[in-house]
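Asker: Each chain, written out:
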Amino acid sequence: MINRFVLRLFLAAMALFLSAPLVVVAGVSFNEKKSLSFPPEGFSLDWYAQIFTEDSWRQALFNSLGVAIGASSLSVIIAFPLAWFLWRFHAPWARIVQVLGLAPFILPPVITALGFLSFWTTAGAYGQPWTVVISHGIFFVTLPLVTLTLGFEAVDDSLVEAAATMGADDRTILRTIILPLILPYIISGMAFAFVLSLNEYIVAYMAVGFTVETLPIKIFNSLRYGYTPTMASVTVLFVAVAIVVFGLIARFGDLPRLLGAWRHDEDS
Amino acid sequence: MSGLVFDSIVKKFGDFTAVHETSLTIPQGKFVCLLGPSGCGKTTLLRMIAGLEDPTTGRILLEGNDVTRIPTHQRDFGMVFQNLALFPHLSVGENIAYPLRIRGGSKADCFKAVKRLLDLVQLPDMADRPVARLSGGQKQRVAIARALALEPKLFLLDEPLSALDAKLRESMQIELKQLQQKLGITTIVVTHDQREAMTMADLVVVMSQGKVHQVAPPVEIYRKPKDAFVADFIGSTNLISGRVSAAGKIAVAGGTLLADDLPKSGDVTLSVRPENIRLTKENGENSLGTLTGDVSYIRDLGASIEFYLNVAGQQITAITTPSDRPDVVAGDSVSVAFPKDACVVLGDA
Amino acid sequence: MKIKPGKFSDYAAIGFPAGMLTVFFVIPFGIMIAMSFFQRVQGAFYEPAFVFENYARFLSTFFAGILGFSVGLAALVAVVSVLLAFPFTYILTRMARQTQVVWLVFLLSVLSLSEVLIGFGWSTLLSRTAGITNLLVSLGIMDKPMSLSPSFGAVMTGMVYQTFPYTVLVLYPALSRLDPSLVEAARTLGSGPARSFLNVVVPALRNSIVSTLIMVFVFALGCYLLPQLLGKPSHWTLSVLITDQAIYQSNMPFAAAMAVFLVLVSLSLVAISLLYGKKENAG
Chain C
0 MINRFVLRLF
10 LAAMALFLSA
20 PLVVVAGVSF
30 NEKKSLSFPP
40 EGFSLDWYAQ
50 IFTEDSWRQA
60 LFNSLGVAIG
70 ASSLSVIIAF
80 PLAWFLWRFH
90 APWARIVQVL
100 GLAPFILPPV
110 ITALGFLSFW
120 TTAGAYGQPW
130 TVVISHGIFF
140 VTLPLVTLTL
150 GFEAVDDSLV
160 EAAATMGADD
170 RTILRTIILP
180 LILPYIISGM
190 AFAFVLSLNE
200 YIVAYMAVGF
210 TVETLPIKIF
220 NSLRYGYTPT
230 MASVTVLFVA
240 VAIVVFGLIA
250 RFGDLPRLLG
260 AWRHDEDS
Chain Z
0 MSGLVFDSIV
10 KKFGDFTAVH
20 ETSLTIPQGK
30 FVCLLGPSGC
40 GKTTLLRMIA
50 GLEDPTTGRI
60 LLEGNDVTRI
70 PTHQRDFGMV
80 FQNLALFPHL
90 SVGENIAYPL
100 RIRGGSKADC
110 FKAVKRLLDL
120 VQLPDMADRP
130 VARLSGGQKQ
140 RVAIARALAL
150 EPKLFLLDEP
160 LSALDAKLRE
170 SMQIELKQLQ
180 QKLGITTIVV
190 THDQREAMTM
200 ADLVVVMSQG
210 KVHQVAPPVE
220 IYRKPKDAFV
230 ADFIGSTNLI
240 SGRVSAAGKI
250 AVAGGTLLAD
260 DLPKSGDVTL
270 SVRPENIRLT
280 KENGENSLGT
290 LTGDVSYIRD
300 LGASIEFYLN
310 VAGQQITAIT
320 TPSDRPDVVA
330 GDSVSVAFPK
340 DACVVLGDA
Chain V
0 MKIKPGKFSD
10 YAAIGFPAGM
20 LTVFFVIPFG
30 IMIAMSFFQR
40 VQGAFYEPAF
50 VFENYARFLS
60 TFFAGILGFS
70 VGLAALVAVV
80 SVLLAFPFTY
90 ILTRMARQTQ
100 VVWLVFLLSV
110 LSLSEVLIGF
120 GWSTLLSRTA
130 GITNLLVSLG
140 IMDKPMSLSP
150 SFGAVMTGMV
160 YQTFPYTVLV
170 LYPALSRLDP
180 SLVEAARTLG
190 SGPARSFLNV
200 VVPALRNSIV
210 STLIMVFVFA
220 LGCYLLPQLL
230 GKPSHWTLSV
240 LITDQAIYQS
250 NMPFAAAMAV
260 FLVLVSLSLV
270 AISLLYGKKE
280 NAG
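Those protein sequence lines, which keep their order, are chains C, Z and V. Heads up: the first sequence begins at 0 in numbering that gives the first Met the number 0, then just goes up one per residue. Heads up: the second sequence begins at 0 in numbering that gives the first Met the number 0, then just goes up one per residue. Heads up: the third sequence begins at 0 in numbering that gives the first Met the number 0, then just goes up one per residue.
Derived by calculation from the structure, the hints in this document are not laboratory data. Even for Gly, the Cβ is constructed at its ideal location relative to N, Cα and C. Any given hint could be a false lead.
Calculated cross-link-like contacts (lysine to any residue; reagent style SDA-like; alpha-carbon spacing at most 20 Å) [as the list claims (entries may be wrong)]:
| id | chain 1 | residue 1 | chain 2 | residue 2 |
| --- | --- | --- | --- | --- |
| 1 | V | K1 | C | A153 |
| 2 | V | K1 | C | G225 |
| 3 | Z | K225 | Z | R242 |
| 4 | C | K32 | C | G225 |
| 5 | V | K1 | Z | E52 |
| 6 | Z | K181 | Z | E52 |
| 7 | C | K33 | V | N133 |
| 8 | Z | K223 | Z | E150 |
| 9 | C | K32 | V | R127 |
| 10 | V | K1 | Z | D53 |
| 11 | V | K1 | Z | F12 |
| 12 | V | K1 | C | F16 |
| 13 | V | K1 | C | R170 |
| 14 | V | K6 | C | K32 |
| 15 | C | K33 | C | S55 |
| 16 | V | K1 | C | M13 |
| 17 | C | K32 | V | K3 |
| 18 | Z | K29 | Z | D226 |
| 19 | V | K1 | C | E152 |
| 20 | Z | K138 | C | G126 |
| 21 | Z | K176 | Z | R115 |
| 22 | V | K3 | C | S157 |
Label pairs and their computed distance ranges (CB to CB) [to be verified]:
| id | chain 1 | residue 1 | chain 2 | residue 2 | range |
| --- | --- | --- | --- | --- | --- |
| 23 | Z | N309 | V | P192 | 37 to 43 Å |
| 24 | Z | S170 | V | L181 | 40 to 46 Å |
| 25 | Z | K114 | C | F251 | 31 to 37 Å |
| 26 | Z | G234 | V | G5 | 25 to 31 Å |
| 27 | Z | I69 | C | L101 | 38 to 44 Å |
| 28 | V | L197 | C | F251 | 34 to 40 Å |
| 29 | V | L134 | C | N2 | 37 to 43 Å |
| 30 | V | L181 | C | S55 | 53 to 59 Å |
| 31 | Z | L238 | C | L101 | 58 to 64 Å |
| 32 | V | L58 | C | N2 | 41 to 47 Å |
| 33 | V | L197 | Z | D127 | 21 to 27 Å |
| 34 | V | P192 | C | I50 | 43 to 49 Å |
| 35 | C | F16 | V | M145 | 18 to 24 Å |
| 36 | C | F251 | Z | P26 | 50 to 56 Å |
Construct all of the structure, not just a fragment, from the sequences and the given hints.
Answerer: And the structure:
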């Protein structure tokens, strides 16, 4: 059927479009010599090894990982009580705090970045490594806030009521029922924030760009002075991390539901 | 001390009144069914007992103590929810032990209690099963066991059997009744299924539109319904209106019927159960309590036979056993006898 | 069973996130707004003042040109992205769940890619030595490889690449909730799959499409590196200019004024898109 063929062609074209730069970068990363050529000339994994062996790349990797772990934890710590409060209590004014939590992600990132730059300089903390952790923690609070809101909505009211009839107070219910049930949502919210923090450039650059090099900052700085294949290997590494993390979320959670689809095969 | 008492309870949700002013006593150790169509306020009443809803006005007393404002988790009532509300992240044993564990019960105590409760609901050796791998009936039993773990003062069940298929539901009804008799615990079940209420209850509370219509044992509810709603909701019935013509006599369309407990005069409505109506082949005689009708349709169900009759313009349904079946076919005339003790005079709904 | 918060500990739960967001989001925002009225000092950074000269600079033709280009580019990117993503998302939501998940993982991975990496990837793909032209040469279509970037086409391609997964994910909820019987009904009435898509699906989601266009427009407006990495200086956008002024020209007050302006544009557009979304939910 011609329609089916056109459909397939369209999907294949989009797949090609989305993967083409990644394929070329992956190919370049296997070059034997320090040249930007594709298809690769020779085969070598040296440029992957270099991420871990060359001091400046390794340092950038550790910086990025540290920032991402700290920031994603912080974003969950901020989002959790907020999402819990919104779920547990009837308080229309709390919506304002919710909007504040969603705003950083909707506004152009340059604005948030510039806000942090003016804040940290005014506060006299400009360039301190921990400022980027807080900046990213706030910037990405939207992600766990969204997943946790979904998670709380998915908790059946009757489970909470049942626990109450058995003698559990609010705190006990939170610890023994809610927390175990929304753990997958906590983890996926944190994972989203982790991957995005790893990749984030502009907020990190404006907060600590001159004192701490994260991998995206390091790559951008290197781009200005020419090319090294290590950029390509780092890119491949990042794509791999993202695929693994999102793949794990999909494996152990319900990715379509997290992204807003309703389940048609809901069993109650 | 007199069990559970509702003292002038009213529950409003905004402008909507879910439960109109209700005063009611539920005696200690009885099995009580709150029965009514959906939206009649029976679940709201149950949730107020559990403390899951606050009454708008009025008090709830248990053994003389006011419990109206005591939070749910301090009431120590066992409750089974309509969807059972088993914790999906806990095993069968952990579900049952939950109320003990959050009170700091030791592992050994919990283990003993789980074993005892699983034996009680006839599910031995199931403690380690995840709840997702249970059948509907097994989930039911686990929910019951969990609600009984604390030996509660009150056992509350909200439509507990509605998810089960008809056959399993019937056997669970009997089991639940036997369990209650064994434990002697005051039990309140919300249901919309009148057969379920008839099977289990010592006392049935019939409700509709936020009002209690009648509180009585099942047989009395069936034989002596207080008003047209109860008569119609519990089983099927024929409602016949008429006017008191003399002591014990009611003039209805097509003749005169007899009944006890009649008012001195005025309009009345009678309820006559289909199985109490006697049919005989028309023989031309017409005595008191007997009317003449035409058979419009016969439905033979094997064990019983339903006759749809037109009696002086009114639709009447009668049920006979095969041995009592009159020798008539659709279109024939029949004598329709309404025995005096089968004619129940209804009050205003 | 929502209740009104009463105890101190109830308020403590929201106090922490509210405090964090106030200190680290609202206050920085306020400082930025204040800074947009500050005076720049040559040789130093800036000093507190209350002047409108940073905003007055908007009135120059240079700035008007940049603004016009930024808005035009973002609009074009948004239109192209939605044109590609809408049929794509429709097909995606009709696939088996397992296939959907694979695509979603891939789309999320691309979406999470840093602009730095996207810029690097496309500049490699469009380069003379490793680029797509080498493929065309080996196929005999071109004589010798050439560089395709920097160019306007390269900026467009890179930005559509960045916005496409975002667009799909914005459209995904609405399209996956679309009642399949709507299309089936059209099919039983004899319209072909393409016709029923155009006549039934597109009109049913008209408001979603408009609000998505605006969301993607705002997203593209925020793109801060691709015009710099894949384009010539004439292709720079407002976001690039803000970064440039703040970091390299050390003109914080002017950068802040431009950022405030960008916020106003974005917020009003987001508000419009929310309004549109509401209408569809209500209808």
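Asker: If a hint holds in the structure, say so; if it doesn't, say that too.
Answerer: Evaluation of the provided hints:
1. K1(V) with A153(C): holds, 15 Å
2. K1(V) with G225(C): violated, 59 Å
3. K225(Z) with R242(Z): holds, 18 Å
4. K32(C) with G225(C): Between K32(C) and G225(C) the Cα gap is close to 15 Å, so the pair holds against 20 Å.
5. K1(V) with E52(Z): holds, 11 Å
6. K181(Z) with E52(Z): violated, 30 Å
7. K33(C) with N133(V): Between K33(C) and N133(V) the Cα gap is close to 19 Å, so the pair holds against 20 Å.
8. K223(Z) with E150(Z): The hint is violated at about 36 Å.
9. K32(C) with R127(V): Cα-Cα ~17 Å, so holds.
10. K1(V) with D53(Z): With Cα atoms ~13 Å apart, K1(V) and D53(Z) stay inside 20 Å; holds.
11. K1(V) with F12(Z): Holds - the C-alpha atoms of F12(Z) and K1(V) are around 13 Å apart, at most 20 Å.
12. K1(V) with F16(C): violated, 48 Å
13. K1(V) with R170(C): holds, 16 Å
14. K6(V) with K32(C): violated, 67 Å
15. K33(C) with S55(C): With Cα atoms ~18 Å apart, K33(C) and S55(C) stay inside 20 Å; holds.
16. K1(V) with M13(C): violated, 45 Å
17. K32(C) with K3(V): Not OK: K32(C) and K3(V) at ~67 Å, beyond 20 Å, violated.
18. K29(Z) with D226(Z): violated, 24 Å
19. K1(V) with E152(C): Distance ~12 Å between K1(V) and E152(C) Cα, so the pair holds.
20. K138(Z) with G126(C): violated, 59 Å
21. K176(Z) with R115(Z): holds, 19 Å
22. K3(V) with S157(C): holds, 19 Å
23. N309(Z) with P192(V): 37 to 43 Å: violated, 57 Å
24. S170(Z) with L181(V): 40 to 46 Å: holds, 45 Å
25. K114(Z) with F251(C): 31 to 37 Å: Hint holds: Cβ distance 33 Å, inside 31 to 37 Å.
26. G234(Z) with G5(V): 25 to 31 Å: For G234(Z) and G5(V) the Cβ distance comes to about 48 Å; the hint is violated.
27. I69(Z) with L101(C): 38 to 44 Å: At 39 Å between Cβs, range holds.
28. L197(V) with F251(C): 34 to 40 Å: holds, 39 Å
29. L134(V) with N2(C): 37 to 43 Å: Violated, at about 30 Å.
30. L181(V) with S55(C): 53 to 59 Å: For L181(V) and S55(C) the Cβ distance comes to about 57 Å; the hint holds.
31. L238(Z) with L101(C): 58 to 64 Å: Once the Cβ atoms are compared, 60 Å apart, the range 58 to 64 Å for L101(C) and L238(Z) holds.
32. L58(V) with N2(C): 41 to 47 Å: violated, 54 Å
33. L197(V) with D127(Z): 21 to 27 Å: violated, 57 Å
34. P192(V) with I50(C): 43 to 49 Å: holds, 48 Å
35. F16(C) with M145(V): 18 to 24 Å: Since F16(C) and M145(V) have Cβ atoms about 21 Å apart, the given range 18 to 24 Å holds.
36. F251(C) with P26(Z): 50 to 56 Å: Distance hint for F251(C), P26(Z) holds at roughly 52 Å.
Of the hints listed earlier, those the structure fails to meet are numbers 2, 6, 8, 12, 14, 16, 17, 18, 20, 23, 26, 29, 32 and 33, in rising order.
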